[in-house]
Amino acid sequence: MNARVMRQLAVNVVVWIVTVITVAPLVLIVINSLKDSAQASSMGMDLPKSLHFENFSVVFEKGKLGHSLWNSLLYAGVSTALCVALCSLAAYVYSRRRTRLNRFSYLFILLGLAMPLNYFTLMKAMQLLHLVNTQAGIIILYAAVQIPLSVFILYGFVGGVPRELDEAGIIDGCGPGRLFFEIIFPLLKPAAVTVFILAFLNSWNEFLLPLYFLNSASQWPMTLSVYNFFGQFQMDWNLVSADIVLTSLPVVILYLLGQRYIIAGMTAGSVKG
Amino acid sequence: MNDNRTYPYYFSLGAMLLYVLLLVLPGVAGILYAFTDWNSYDSAVHFIGLDNFRQVFSGENMYLSYIKNTLVFTVSTILLKTAIGFVLALMLSNAVRLKNMHRAMMFMPAVVPMLIVGLIFKSVLHPDTGLLNVTLRSLGLGVLEQQWLTDLKWAFKSIIAVDVWKGAGYIMVILLAGLQTIPKDYDEAAEIDGAGFWKRIWHITLPLLAPALTVSIVLNLLYGLKIFDTVYVLTNGGPGYATEVIYTGVFKEFSMGRYGVGTALSTVLFLFMTVLGYFVVKWMSREEESH
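If you're matching them up, the sequences are chains A and B in order. Per my numbering, the very first residue in the first sequence carries number 1; after that it's consecutive. Per my numbering, the very first residue in the second sequence carries number 1; after that it's consecutive.
Be aware that one or more of the hints could be misleading.
What the hints assert, rightly or not - Subject to a maximum C-alpha distance of 30 Å in a straight line, what follows is the list of computed DSS-like cross-link-like pairs (lysine-lysine):
| no. | chain 1 | residue 1 | chain 2 | residue 2 |
| --- | --- | --- | --- | --- |
| 1 | A | Lys62 | B | Lys252 |
| 2 | A | Lys124 | B | Lys252 |
| 3 | B | Lys68 | B | Lys226 |
| 4 | A | Lys64 | B | Lys199 |
Said to hold, decoys possible - On the chain B side, residues computed to face chain A include the following (Cβ under 8 Å):
| no. | residue |
| --- | --- |
| 5 | Phe47 |
| 6 | Leu71 |
| 7 | Ile116 |
| 8 | Ser123 |
As the list claims (entries may be wrong) - Here are some chain B residues the structure puts well away from chain A; computed CB gaps all over 12 Å:
| no. | residue |
| --- | --- |
| 9 | Asn94 |
| 10 | Leu152 |
| 11 | Arg200 |
| 12 | Glu253 |
Hint data in this document are derived by calculation from the structure and do not stem from the laboratory. The C-beta atom is built at its ideal place from N, Cα and C for all residues, glycine as well.
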């Protein structure tokens, strides 16, 4: 009995240590985002002597964050909505009508889970489509790279929606469009929310694609502008920290609100086995 | 009911079109361009046979070391994240207080942008003021202090450690979900039969956790081979070429306008990962049919 209690205690201590190691670097940034420049230069865990909330407004001005924030919201929001719409349509048809062509199409799209991008030829393709250095281009690109995972998650979910509903809808005189949008899609909502949150997170966090395909600073999303800001203000860690907080805050809030969906989506397929 | 009318194929064309146009065709076209001298200085493109691949694999250039580094990174992060994730999942599946809080905290780094994680650790690993060295000093462990990101011996290990910090919690959550599907009775029955802790782990937990383990390994594999942000921010490939991986190398080729060699390097990755993907998809579809 005693050994059992000791073991429990040891496990709890270890778990706490891991949690502290995980959270400490994040807390460090939050603390330092509130210091003045001199105190933040040592980037220590000491608490701010006085609270400098103005760091955030300074960053907004110097880093032109208003623009980037809007860009990030626009890119992540629109591309994700586009992706959810296209992928739920595709997943629906692939799952409901298992012809050879549909089966092949589904597996062919899944192959994209592994396929890496070739940035040289992708640049060429984007040029041919007149999408380089345009906001529409980056939105379409963001949507495209999320397709395989989104189709995968939605496909698994469509199977759980009873076919009898389709039949009832048809008998009531629904066309294929109305059947999908008015009857099926509302039932796909849990999966659609999961896909939306995941794709939004991924798009918000994307750094490499805008690095290749957007060269004007006014089009940069948060990730690119925070990186650029770091290059300019390496000496002012309080400002860099504030910028980091502003860039991460939206995803951390989204995570805390949608934890259930995120974990469901990110572990999709792992448990069914 | 006419399936062809109820579930029209054109519903799926939007997703398929974007996927083919922006992901598949560039990849396939890359295979062709890898045999040319394509570059940014000359608009004419000439066929040069295997020259680019010879450059990549000859060992005269650094390209082989990019591939080697990428593989070392991938294998070591898989091993570390899976091992740490497994131990954490085991601990959290037992009666730990505040379990949900711990799980939420440990998973958190997974949603923070990789680039941001890089910037944070640029500070944490700073040799003079960084949290790591300062903590070591204050614990009286000053001898362990290192120039984490500039020392040839440590730079790549540091990058791997940062990536494990970010990803171990994610793997823990996958494995924890897997553990919860294993009925407790198995474990209890084995315990009554006198099986010790390690025996139960080896003969009961691990085999039943195999699907979740496979998924986490595959996810890490696909992620590791494409690593870019962390390396780019923390060391940008340095010191020298010590931490250069495929995607940072590709980005350098791109910046220098050497599209041919860059495409060849990308194509090596493309072929390798697409073949890998083929087997993953095959395995996934078999899994699904058995249900």
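Hints, verified against the model:
1. Simply put, A/Lys62 and B/Lys252 have alpha-carbon atoms about 29 Å apart, close enough for the 30 Å limit, and the pair holds.
2. Among the hinted pairs, A/Lys124 with B/Lys252 is consistent with the structure: their alpha-carbon atoms are about 17 Å apart, no more than 30 Å.
3. For the hint pairing B/Lys68 with B/Lys226, the CA-to-CA distance comes to about 13 Å; that is within 30 Å, so the pair holds.
4. Between A/Lys64 and B/Lys199 the CA atoms are separated by roughly 59 Å; this puts the pair beyond 30 Å, and the hint is violated.
5. Nearest Cβ of chain A to the Cβ of B/Phe47: about 16 Å, over the 8 Å cut. The hint is violated.
6. The beta carbon of B/Leu71 comes no nearer than 14 Å to any beta carbon in chain A, farther than 8 Å, and the hint placing it at the interface is violated.
7. A hinted interface residue such as B/Ile116 counts as satisfied when its beta carbon comes closer than 8 Å to some beta carbon of chain A; here the least separation is about 5 Å, so the hint holds.
8. Contact between B/Ser123 and chain A, as hinted, is supported at the beta carbon level, the nearest pair being about 5 Å apart and thus within 8 Å.
9. With a closest Cβ-Cβ approach of about 6 Å to chain A, B/Asn94 is found to fall inside the 12 Å limit, against its non-interface label.
10. Distance check on B/Leu152: its Cβ is at least 23 Å (rounded) from any Cβ of chain A, clearing the 12 Å threshold; non-interface status holds.
11. No Cβ of chain A comes within 12 Å of the Cβ of B/Arg200; the nearest lies about 15 Å off, and the non-interface call holds.
12. The beta carbon of B/Glu253 is not kept farther than 12 Å from every beta carbon of chain A, the shortest such distance being approximately 8 Å.
Hints 4, 5, 6, 9, 12 from the list above are not met by this structure, while the remaining hints are.
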